[in-house]
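J.: Sequence:
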Amino acid sequence: MEENVGMERNADVSRRSILRTSALVGAGIGAAQFLGASPASALGGTTDVKLDKAIRAIVKGRTIKVGFTPPVLSENFTQIENAAWRKMAEFEKRFGVKWVWERQAPVGDFNAVQGTLGIVQSWISRRFDAIAVCTGANFATVQDLYKTANSKGLKVFQFNQPAELYPESQLETVSNIGYDNRWQSGYLAGTYLAQALGGKGKILQIWGPSGSDWTRGRKIGFDKALKENPGIKVVGEADGGYVRDKGFTAAQDLLTKYPDVNAIYGENEEMALGASQAIDAAGLKHWNGKTGILTIGADGLVSGFKAIAAGKLTATVDIGGIDQGQNLIEAIFSTVALGQTVTQIINNPTQVVDKTNYQWHQAYAEWALATTRKYGK
Numbered sequence: 001m002e003e004n005v006g007m008e009r010n011a012d013v014s015r016r017s018i019l020r021t022s023a024l025v026g027a028g029i030g031a032a033q034f035l036g037a038s039p040a041s042a043l044g045g046t047t048d049v050k051l052d053k054a055i056r057a058i059v060k061g062r063t064i065k066v067g068f069t070p071p072v073l074s075e076n077f078t079q080i081e082n083a084a085w086r087k088m089a090e091f092e093k094r095f096g097v098k099w100v101w102e103r104q105a106p107v108g109d110f111n112a113v114q115g116t117l118g119i120v121q122s123w124i125s126r127r128f129d130a131i132a133v134c135t136g137a138n139f140a141t142v143q144d145l146y147k148t149a150n151s152k153g154l155k156v157f158q159f160n161q162p163a164e165l166y167p168e169s170q171l172e173t174v175s176n177i178g179y180d181n182r183w184q185s186g187y188l189a190g191t192y193l194a195q196a197l198g199g200k201g202k203i204l205q206i207w208g209p210s211g212s213d214w215t216r217g218r219k220i221g222f223d224k225a226l227k228e229n230p231g232i233k234v235v236g237e238a239d240g241g242y243v244r245d246k247g248f249t250a251a252q253d254l255l256t257k258y259p260d261v262n263a264i265y266g267e268n269e270e271m272a273l274g275a276s277q278a279i280d281a282a283g284l285k286h287w288n289g290k291t292g293i294l295t296i297g298a299d300g301l302v303s304g305f306k307a308i309a310a311g312k313l314t315a316t317v318d319i320g321g322i323d324q325g326q327n328l329i330e331a332i333f334s335t336v337a338l339g340q341t342v343t344q345i346i347n348n349p350t351q352v353v354d355k356t357n358y359q360w361h362q363a364y365a366e367w368a369l370a371t372t373r374k375y376g377k
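Those letters in the sequence shown? Residues 1 to 377, by the UniProt record's numbering.
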């Protein structure tokens with residue numbers, strides 16, 4: 001079944017890794033809880049020392065130059081970047097690798113794709129070792145650019161990108177680190193919402209920009225959940241631009257027309273948090289488990305977890321941003337420094353987060369953000 005592909009790949013990437021440490025020390029959480037059993041989960045003592053020494057002999061203190069470009073500078077991408085820094089610092093200490101890290105994002109919103117193309121072209125001309133990209137740019141356009149990078153010996157990785165919408169044979173990337181937006185985000189959110197409402201209710205939807213691949217993927221999954229729960233009716237939808245202020249405005253306008261709705265789905269967490277603010281501004285009640293307006297988004301932000309704790313956001317889908325940052329660096333190091341091959345699609349675990357389980361998700365994100373080793377600019 002198509003829905004199971006991502007989880008099968010999760011197991012595959014766990015088995016191939018020789019680099020993962022036995023625990024996420026700062027969070028007190030075993031790595032195996034996120035990526036399944038791994039040969040590296042048993043590392044420790046003299047075995048760990050032997051392995052690190054052997055890898056150091058291969059690395060020889062080399063420097064890896066990495067370009068990191070998200071579509072915008074936001075809380076979600078800050079969390080991913082800090083998680084990457086955590087892994088970079090670990091590998092620097094264990095294996096002697098040095099890092100040059102440069103972050104650039106286009107000026108504007110998620111549609112400012114020309115800026116991304118220029119950033120990537122600059123890194124190609126400057127001969128970076130690896131480029132990590134998340135962009136709303138046209139699929140064919142960026143694949144052509146990646147092909148140029150490949151021809152010059154650069155390795156391109158995508159993160160948090162809906163690669164599942166395109167044939168793997170058309171991907172010009174070494175690997176795509178993320179999750180399946182259809183079944184690991186949209187479907188989860190729609191199913192949670194429907195179950196919480198008892199399979200019946202009126203809802204609003206706040207989507208990203210028209211034509212966005214993230215929107216397309218998540219809508220496939222959410223629509224499947226709606227089909228399975230025909231008592232849930234969409235009465236209004238709007239574009240929230242993936243940002244909080246536009247999400248607020250979109251939800252405010254919709255709530256003026258439909259104040260008696262039971263739930264609001266924000267395709268990402270920023271828009272869901274904007275919808276939460278609109279509920280307050282309208283003097284309406286948040287969901288208390290039985291009545292009020294349920295709100296759900298998707299990202300896994302510390303601000304979102306705090307809103308859940310405060311009763312201002314019902315739930316969100318944690319899309320595994322911390323794991324994305326960690327696994328991005330693992331994939332870069334494995335291919336650039338060790339010459340290994342990694343799977344082209346690396347899907348991380350995701351989960352619906354609400355008041356029953358937000359604490360450990362928040363602790364994991366805060367652990368990543370607390371890294372004392374910062375790189376680049």
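It should be emphasised that the hints constitute simulated quantities derived from the structure, not laboratory data.
It cannot be assumed that every hint is accurate.
[To be verified] DEER-style ranges, computed between Cβ atoms: (1) Leu338 with Leu284: 21 to 31 Å; (2) Lys53 with Ser125: 52 to 62 Å; (3) Asp280 with Val107: 45 to 55 Å; (4) Glu92 with Gly311: 34 to 44 Å; (5) Val234 with Glu92: 47 to 57 Å; (6) Gly61 with Ala281: 53 to 63 Å; (7) Asp245 with Val49: 22 to 32 Å.
From a predicted model like this one, the values you see are computed outputs, not experimental measurements.
Every residue gets a Cβ at the ideal spot worked out from N, C-alpha and C, and that includes glycine.
J.: All hints, please: hold or fail.
T.: Right, here's what the structure says about each hint:
In this structure the hint that leucine 338 and leucine 284 lie 21 to 31 Å apart at CB is violated, the actual value being about 55 Å. Distance hint for lysine 53 and serine 125: a CB-CB separation of about 37 Å, inconsistent with the stated range 52 to 62 Å. Taking 45 to 55 Å as the suggested C-beta distance range, the pair aspartate 280 and valine 107 does not conform, at roughly 31 Å. Taking the beta carbon of each, glutamate 92 and glycine 311 are about 42 Å apart, inside 34 to 44 Å as hinted.
At about 49 Å, the beta-carbon gap between valine 234 and glutamate 92 stays in the expected band of 47 to 57 Å. Taken as a hint, the range 53 to 63 Å holds for the pair glycine 61 and alanine 281, whose Cβ atoms sit roughly 56 Å apart. Our hint of 22 to 32 Å for aspartate 245 and valine 49 is violated, since their Cβ atoms are close to 52 Å apart.
Checked against the numbered hints given earlier, this structure breaks hints 1, 2, 3 and 7; the rest are met.
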